[in-house]
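Trainee: Sequence:
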Amino acid sequence: MNGIIFFWVVLKSILFSTGGFGPLPSLHTDFIAYGWASQKQFTEALSIGQITPGPNGLWVVSLCYLVDGIPGAVISCIALLLPPLLILIVQHCYKRIANHPATQGLLDGVVLVIASFSVIVLAGMFRGNGMDIGMIAIAVVSAILAISRRVSTNVILIVAVLIGIIFG
1 MNGIIFFWVV LKSILFSTGG FGPLPSLHTD FIAYGWASQK QFTEALSIGQ ITPGPNGLWV
61 VSLCYLVDGI PGAVISCIAL LLPPLLILIV QHCYKRIANH PATQGLLDGV VLVIASFSVI
121 VLAGMFRGNG MDIGMIAIAV VSAILAISRR VSTNVILIVA VLIGIIFG
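Under the working numbering, the first residue of the sequence shown carries the number 1, and numbering increases by one thereafter.
Worth flagging that the hints you see were computed from the coordinates, not collected in a lab.
Note that the coordinates shown come from a computational prediction; the quantities given were computed from them, not determined experimentally.
Please note: incorrect hints may appear among the correct ones.
Derived DEER-like restraints, expressed as beta-carbon distance ranges [what the hints assert, rightly or not]:
#1 V110 x Y34: 41 to 51 Å
#2 L106 x A33: 44 to 54 Å
#3 G109 x N154: 26 to 36 Å
#4 S116 x P83: 17 to 27 Å
#5 A123 x Y34: 17 to 27 Å
#6 S116 x N154: 42 to 52 Å
#7 Q39 x V159: 15 to 25 Å
All C-beta atoms, glycine included, are put in the ideal place defined by N, C-alpha and C.
Using the sequences provided together with the hints, build the complete structure.
Mentor: This is how it looks when you write it as structure tokens:
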């Protein structure tokens, strides 16, 4: 695997996202196209990212570790650290245009597009992992509970895993 191409693919996906799960559509498309990762590795990385403490975006490190071991994890850490440094530079320019109505409209549009792409990729991952009625039920109930914010995400995840193990 070419480390430079790997770095640029990861950096591109991070730069053109809003953080957290924002890089998912781009990384999924590129990693699958290059043959670097499987659907199972994406599922595992996202699961690891959900159960580990810290920022949501660290699932990228898990994915890159699963794909290329320690070198992949180091490359992804560097790629994750560069955008905040770029943000410090961009912040000075943003202060001048922050109050312009078009600025907020553009940012709202970007978030909507990334959320839509994430839903499409996640639907593909469900199909790729052998979706059945039980999986759909677990996903729907988990989503409703997560949106309500009445149940901890960790509790939802643990119960979903247990149900999947018992009935899977």
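Trainee: Against each hint, give a clear statement of whether it holds in the structure.
Mentor: Results of checking the hints against the structure:
Under the hint 41 to 51 Å, the C-beta atoms of V110 and Y34, about 25 Å apart, miss the expected range. For L106 and A33, the Cβ-Cβ distance of about 28 Å falls outside the hinted range of 44 to 54 Å, so the restraint is violated. Between G109 and N154 the Cβ separation comes to about 32 Å, which falls inside the hinted range of 26 to 36 Å. In this structure the hint that S116 and P83 lie 17 to 27 Å apart at CB holds, the actual value being about 22 Å.
The given range of 17 to 27 Å is respected by A123 and Y34, whose C-beta atoms sit roughly 22 Å from each other. Separated by about 27 Å at the C-beta atoms, S116 and N154 break the suggested range of 42 to 52 Å. Hint check: Q39 to V159, Cβ distance near 23 Å, so the stated range 15 to 25 Å holds.
Checked against the numbered hints listed earlier, the structure breaks hints 1, 2, 6; every other hint is satisfied.
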